[in-house]
Amino acid sequence: MSYMALYRAWRPQHFAEVVGQERTVKALQNALKQGRVSHAYLFSGPRGTGKTSIAKIVARAVNCAHPREGEPCNQCPYCLDILQGNFMDVIEIDAASNRGIDEIRDLREKVRMLPAQGKKKVYIIDEVHMLTTEAFNALLKTLEEPPDSVIFILATTELQKIPATILSRCQSYHFRRLTAAEIVERLRQVALSNNMSVSEEAFDLIARRANGGLRDALSSLDQIYSYKGAQISKTDALEVMGLVDDMFLSRLMAAVFSRDVGTVITMLGEALQEGKEAQQIVREAVLYLRDLMVYSLLGKEAELAVVTESARPHLESVLGQTDISAIMKALNALMAGADRLRYSEGNRFQLELAFLELMAVPAEPAWDNLSLTAVSAPKASPKKSARAAENTLVEDSSHSSAKTSARKKEAAKAPQQEWGRLLAAVKDKKIPTHALLAQGKLLEHDKGQVTIGFKKAYKFHKEKLEENANKHILDEAIKEIWGGAASVRLVFLDDDASQDPVVKKARELFGEEIVEVKE
Amino acid sequence: MAISNLILIYGTEPYLIDKEIERVRAELSREGGAEAELVYIDADELTAQQLLEQLDFSPLFALERVVVIRRPSWLGKTRRKASKVEQLVEGLAAFLSEPIPGQVVIFTAEEDVSSHPLMKKLGKAVHKVACVRPNPQGLETWVKQLAAALNQPLAPPVAKMLASSGQDMYYLQRLLEKLSLQKSPEMITEQDVAEELDQQIETSVFKLTDALLNRRSREALKAYYQLLRQGGQPTFFLYMIIRQFMLLGKVKHFSQEGMHQAAIAKATGARDFAVKRLLSAASQYSWDELKRCFELFLQADINLKSSGRDGKIVLEALIIEVCGQGRRR
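Same order as they appear, the protein sequences are chains A and B.
In this text, residue positions in the first sequence follow our numbering: the first is 1, and each later residue adds one.
In this text, residue positions in the second sequence follow our numbering: the first is 1, and each later residue adds one.
Just chain A, same shape as in the assembly (with noise of 0.2 Å):
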């Protein structure tokens, strides 16, 4: 017989069997038991938690020779030929490949005729989110009018996308993750049953990642299981998921919070020789900073991604050394660093750029970014910037703001108004000079020098400037203006701004007229 994957294996095929889901289970136990079965079920829930698991179960007790205490008796013509997949009377649709108007009228039609085999029709309507409007409207008929015989189980990934009038036509069970504790338990089972030896160390790790679906961690352990054999460490489990071991995060993040290069850089070098990939570790390094975060806000109430109980107290301590708005910042930078990672190939390199930044971050308080953008524009000594920022959160903020953008104005007028003289002269000179010039922008006049800037998509015109002819007349017009004679160098704005997502996103928002890119 060829292998079956663990989670098909260990798909429960009792009510008794489900892991967690114990009021969900209850209530269709006792619909089942006193015969109040409804028409139509909607089952919601993050993926492996057991919503396909428990349609299953009630399409076989609704048609089972001989139910006991809701159960079915998975023995009975019925409940077998369920099992095998050859019942007429119990339709699998997947919504997501099924989606339209059609599928649905064609639904609508069959839905009428009788049960051909069982007593119940059961229709599991598998992702039923992925239906379209008009399909959605032709279910709504169809749930409005139900014939006796059939029985709608629709499951959802994504409440939120079922329109409110299917929701009230049917009853609601939302499926919750399940904890840590539940999958371990489960896992230990099965493990049991397969001869397996598994460290708790590594169940924990398995069940932590596994987001609290069954079914995943389930996958991960046969993972494991096929690379590693029946005897699995944590090492193993590590290696296998591609993780990183939290221990090692934590004197990491140890060594970063008091600013030790050399440790970061040996401990990021022999991570790299053990075989760890470099956008694993800054992935791992992120969720660890994360479980910080959260771990500072929520103390032992927080869900922790990637710290097990055992190197909690290390979470600990390593929070001792620091304070959230550096953690905020270190959990920024490093995001920004798994960002050039997945595009680089000189991963190393990009690896230690990445650690060495998050050591570079300063220690100021990431709340106070709102107190420098106000008082941001003047230079000033460090107590100085302290005092005014202090100021300016019990002044009208408003008001600080008015000011500063003045200042900024203010300051920007000089060089456009003397941009704007040079460009009149050009002007009275020669009109396609001026037109050439037009598209530039005056980045510097001083000491003899005039430095005229042009976007990259404006080659064209910088060229033709920097012909002999339009030349001598921008050099006489210069003379004109300012009084003596000027090198002109002619450059390429470094436009790298426009490619700037935020400029992007500003642009798409507000129109490219609007928006001006200063530095």
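Hints are computed from structural coordinates only; laboratory data are not their basis.
It is possible that some hints are incorrect.
[Said to hold, decoys possible] With a straight-line cut-off of 25 Å between C-alpha atoms, the simulated BS3-like cross-links for lysine-lysine are:
hint : chain 1 : residue 1 : chain 2 : residue 2
1    : B       : 128       : B       : 207
2    : A       : 441       : A       : 455
3    : A       : 161       : B       : 305
4    : B       : 312       : B       : 207
5    : B       : 128       : A       : 300
6    : B       : 121       : A       : 161
7    : B       : 222       : B       : 305
8    : A       : 441       : A       : 456
9    : B       : 222       : A       : 161
10   : B       : 250       : B       : 19
11   : B       : 207       : A       : 33
12   : A       : 161       : B       : 128
13   : B       : 160       : A       : 300
14   : B       : 312       : B       : 144
15   : A       : 141       : B       : 250
16   : A       : 462       : A       : 427
17   : A       : 161       : A       : 119
18   : B       : 312       : B       : 291
19   : B       : 312       : A       : 329
20   : A       : 455       : A       : 430
21   : A       : 471       : A       : 459
22   : A       : 33        : A       : 141
23   : A       : 329       : B       : 222
24   : B       : 250       : B       : 266
25   : B       : 144       : A       : 26
26   : A       : 33        : A       : 120
27   : A       : 300       : B       : 207
28   : B       : 250       : A       : 329
29   : A       : 119       : A       : 26
30   : A       : 120       : A       : 161
31   : A       : 329       : A       : 300
32   : A       : 26        : B       : 183
33   : A       : 329       : B       : 291
34   : A       : 141       : B       : 19
[Stated by the list, open to error] Beyond 12 Å from chain B on every Cβ pair, some chain A residues (computed):
hint : residue
35   : 80
36   : 259
37   : 332
38   : 342
39   : 442
40   : 455
Built from N, CA and C at the ideal position, the CB exists for glycine as well.
Assemble the complex: chain A is given as a structure, and chain B must be docked to it using the hints.
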């Protein structure tokens, strides 16, 4: 009382409309002495000719029948003037003006469509029934009756909680049935209902935005985790947060202009209670802080959509940063 052959049932509560259909059917069955057949016709799927064919009734399986035409799209306001609709109305009016013995035709609609050409043509032949959602007290009584029918004891505030939840009656009925299956024979408590209503994504989103507006990071994070457990997506939460902060900005602006609460509610289109809450939050944010918040939102939006960053962490960090801004005030 004799049953009219042509009935229009309208209202926004499908539960009450269905109950009225059931009542008509039961009465017809009682009058006829045998169970009347119930037929639903999807009029949107049929041409005028097909519809008339389906309405042409001669007793075969039952002596009497009730035909229900649910919310036909051509009975709505928007499509009255389409030529196809006019043609259909003409045919239908001519057909229905002569009652067919043993058949009751029921139209349903969400609103009173008496001014529709079809209804005008049919005139007094149509018996109109308005299904009006009961007031909160009426709804509370109805919830208690439902519970009694299920033999399900309720804790005293439960009926009121359900009645004031704003949910439609079908939803409340299903919820009560479900809670009864989970709890019976024990009493359904206030907490059971609160948990169920909290599971609605809108409820949790407002918990999150409220906590954010008041800079309560722990509460905001907890609401955020609940939303994640419910299967929501960070991009949707960000959208809701931004919407609330935009409203906060408007409320702050109008209040600084000297407008009072009711005028602000009118100007912003927000509800009174929402404006009241936002007014108290508005005083906690300076314009610079609001500006900074929008910078953070923009950055989070870019990070969510244009980078490979984990959306869950991006939002966690955003929540903490927004709440953290007030700490140094």
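Query - Those earlier numbered hints the structure runs against, lowest number first - result: Those not satisfied are hints 1, 5, 6, 10, 11, 12, 13, 14, 15, 17, 22, 28, 30, 37 and 38.
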